[in-house]
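Undergrad: Sequence:
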Amino acid sequence: MMNRLATSRRLLSPGRRHAFLCLGVSDVRPTTSAAALLSVVSSRSSGRSWGGTKRSLASMSIAFQDIQSLSQQSQAPTSHYDRPVEAIREDEYPHMNNGIYLDHSGTTIYARSTVERFAHKMRTGLYGNPHSANEPAKLSGDVVDDVRVKALRFLGADPQHFDLVFVANATAAIKLVADSFRDLAEQTRAGSFWYGYHRDAHTSIVGVRELTHGEHRCFESDGEVDEWLDNASQKNLRNKRHSSSSPFSSSSSTLRLFGYPGQSNLTGRRLPLSWTRKLRETKGMQNTYSLLDGAALAMTSPMHHVFGDPDSAPDFCCVSFYKIFGFPDLGGLIVRKYSGHILALRKYFGGGTVSLVSTIGQAWHMSKGLETTAAAAIEDGAAPGGEQHAAGGLHEGLEDGTLPFHSILALGEAIDVHKELYGSMENVSRHTTQLGKRLYRGISGLRYANGQPVCKVYCEAGMDGDEIYDDAKRQGATVAFNVFRPDGSYESYAAVEAMANEGGLYIRSGGVCCPGGVFAALQYEPWQLNRARSAGHHCGSDGLGVIHELPTGVVRASLGAMSTTRDVDSFISFLRDTFIEKETPVLTPVSEVDDDDHGVGHQYREQAAAYSSG
0 MMNRLATSRR LLSPGRRHAF LCLGVSDVRP TTSAAALLSV VSSRSSGRSW GGTKRSLASM
60 SIAFQDIQSL SQQSQAPTSH YDRPVEAIRE DEYPHMNNGI YLDHSGTTIY ARSTVERFAH
120 KMRTGLYGNP HSANEPAKLS GDVVDDVRVK ALRFLGADPQ HFDLVFVANA TAAIKLVADS
180 FRDLAEQTRA GSFWYGYHRD AHTSIVGVRE LTHGEHRCFE SDGEVDEWLD NASQKNLRNK
240 RHSSSSPFSS SSSTLRLFGY PGQSNLTGRR LPLSWTRKLR ETKGMQNTYS LLDGAALAMT
300 SPMHHVFGDP DSAPDFCCVS FYKIFGFPDL GGLIVRKYSG HILALRKYFG GGTVSLVSTI
360 GQAWHMSKGL ETTAAAAIED GAAPGGEQHA AGGLHEGLED GTLPFHSILA LGEAIDVHKE
420 LYGSMENVSR HTTQLGKRLY RGISGLRYAN GQPVCKVYCE AGMDGDEIYD DAKRQGATVA
480 FNVFRPDGSY ESYAAVEAMA NEGGLYIRSG GVCCPGGVFA ALQYEPWQLN RARSAGHHCG
540 SDGLGVIHEL PTGVVRASLG AMSTTRDVDS FISFLRDTFI EKETPVLTPV SEVDDDDHGV
600 GHQYREQAAA YSSG
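In terms of numbering that gives the first Met the number 0, the sequence shown opens at residue 0 and continues consecutively.
No lab work stands behind these hints: they were computed from the structure.
Among the hints, erroneous ones may be present.
[To be verified] Mimicking DSSO-like on lysine-lysine, the simulated pairs with C-alpha atoms at most 27 angstroms apart in a straight line are:
#1 K120 with K149
#2 K472 with K455
#3 K455 with K346
#4 K149 with K418
#5 K367 with K149
#6 K277 with K472
#7 K137 with K149
#8 K120 with K137
#9 K472 with K418
#10 K367 with K174
#11 K149 with K472
#12 K120 with K367
#13 K346 with K174
#14 K137 with K472
#15 K455 with K418
#16 K346 with K367
When you get a sec, could you build the whole thing from the sequences and use the hints?
TA: Here it is, written out as C-alpha cells:
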C-alpha cells in the first residue's frame, strides 16, 4: 500500500501540470494535436522512470490513449465565465493550491474576496443584536432584511410570493417543517399526518417519517411517484408494503407531506421538478404539501426553474448556502407564502418569534407573523391557503432566538462576489455540466489490460451515461462509482479514499447520507442489508467497505463552480496510475476489530497477492 500511496503523493505535488506529468510533458497547449502530443511524449519518454521503475509498454499504450482522449476533449471551451476559470482560481482560491478538491457536494470552497470583504465590514461596522432598538441593532436588522431579499432574488424566488427563513443548515430547515406538520396534525381529528418520500432522499428527508405516527411510504422509483399522482383519486390505492400507509386510507382532509430531493446526494441525478405542480393540481390532494430538498441542486443549478412560477413551486424548499458559496455556514427554508400558514401552529416558540407571552395565570402566547387557524381549515376540509396568507412576516414567527446576523452579513458579500466571478448560475451550470461529462467519460473509460473496467459508475438505470451527463436537467456534476480489481472483485471504497487523500485528492466515500439511493444502486436486497448490519457495518469511512464480496458504499467525486479541467484530469490520472499497474497490492478492510484497536480507526491488511496483468 505504501508504494501506491507514495506514487499518489508524487503524482500530485503542488504546482506540477498533472495531466501530462507522468510522461514529462509540460509544453502542451489545448489545441495541440494528438499526433504532436505523441511526438513530444516519444522524444521525452526514453529512459524516463516513474516511481523508480520503468513503465511497461502496456502502461505507455494506455497513457497514449488517454492523451489522445484529453486532446480531443480539450477542443471545448474551458470556461463559460468572463475570465478563464484558471485565472479565477489563481486570484480567488489560492487556498486550493495544495490539493485537488472534489467534494463540492459536501461544501464548495469560499472565494478570497468574500472573506476579505466580510472582514472589512466587521472591522468598520458596529453591529448589535437585531432584537434591540439601538442604532447598531438597527444596522444589523437592516442587513438581515436586505440580505433576505437578495438571497431570494439570487435563487429566483420573488419576495412577493416567497419568504426565506434563516436556519443553521438544510437539515434544520427540514426539521422545522417536520415539527410544524407534527404539531398541526396533533390538533386535527386524525391526530397524525401522512408522509411520502423518495428512495433517493437524503437521510434528513427520510427522518421525517419518525414524526408521522407510522403513516409513511417510501417511493422506490420515479415511476411509483407518477403512478401515485396519476391514481390519487382512487381511495383504495394501497402501498405495496403497508396497506395502512396509503394517503387515501382516511378522509380527504388528511394532512399529507411529500418530500424528495431535487438532486441525489449520491449520484447527482436530478429528479423531476414537475411533481410539485402536478401534486397541487391533482384532485383529492388539496391538503398535500411538497418539501423539496434543494441543497444539492442549488450548488450548480439556477433555481429559477424551481421558483419562477409560484403555482408550480414547492411549498417548502431547503438550501445550504455553504454548498453554493463555501461561506458562511448557513441554511435557508424557502416558504411559498400561500402555503405558509401550515407552519403557524407549531408548538415551540423561541425568543423573537412571539409578540406577547403570559407566565401568570393562564399560559398563552401570541406568535409573530401568521396568526391564522390552519387547523380549522383542515378540520373544515377546505383547501388551505389563500390571499389572507400571502402577506409577509412568515419568518418572524419561525426564526427562534437571535439570528446569526454576522453570518447573514457574510452571505450578502458571498452573493455579490459570486455574481462578479461567475456572472450567473446558468454559467456555473454550463461549466460544471461540461466538466461532469469529462469526469464521467474519464472514469468510465478506464480499463485494465485484460479488458476489465476499472470502475463501475452508478447513474440512471438503463440510460446512456454520455447522454445523461450532457443534460443539466437530468444530471449534476457528480460521479458515484466503485473500483474493481482486475479479477472483477471490488476494492474497498474507504481504501480508495485513503489513497486519494494521501495523494492530495479530496473526495468522499461511504453511504454519503443517501441510505435508500446507495443500497438501491448497489442492488441490495433487504436481507443483505440486514446481514451487513449484523456483520457490524455502519455508515462512515470506518465502516466495512466490502462484505461477502459486495461493496457497502461508493466513492463520490463532485465538482463546483471553480473546478477546472486540471482537477478532473488529475483525478482520472490518479485512478489510472494507482490501479492500472502490472503489480498492485490488494487492500482489504479488516472485518473484525483487533483486540488492541479498541474500535478506533479503520484497519487495512496489505496482502502479498498481486493483481494479475491479464
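Undergrad: Work down the list of hints and note, for each, if the structure agrees.
TA: Each hint tested on the structure:
{"no.": "1", "hint": "K120 with K149", "verdict": "17 angstroms, holds"}
{"no.": "2", "hint": "K472 with K455", "verdict": "23 angstroms, holds"}
{"no.": "3", "hint": "K455 with K346", "verdict": "48 angstroms, violated"}
{"no.": "4", "hint": "K149 with K418", "verdict": "12 angstroms, holds"}
{"no.": "5", "hint": "K367 with K149", "verdict": "23 angstroms, holds"}
{"no.": "6", "hint": "K277 with K472", "verdict": "18 angstroms, holds"}
{"no.": "7", "hint": "K137 with K149", "verdict": "18 angstroms, holds"}
{"no.": "8", "hint": "K120 with K137", "verdict": "16 angstroms, holds"}
{"no.": "9", "hint": "K472 with K418", "verdict": "22 angstroms, holds"}
{"no.": "10", "hint": "K367 with K174", "verdict": "20 angstroms, holds"}
{"no.": "11", "hint": "K149 with K472", "verdict": "25 angstroms, holds"}
{"no.": "12", "hint": "K120 with K367", "verdict": "30 angstroms, violated"}
{"no.": "13", "hint": "K346 with K174", "verdict": "13 angstroms, holds"}
{"no.": "14", "hint": "K137 with K472", "verdict": "42 angstroms, violated"}
{"no.": "15", "hint": "K455 with K418", "verdict": "37 angstroms, violated"}
{"no.": "16", "hint": "K346 with K367", "verdict": "13 angstroms, holds"}
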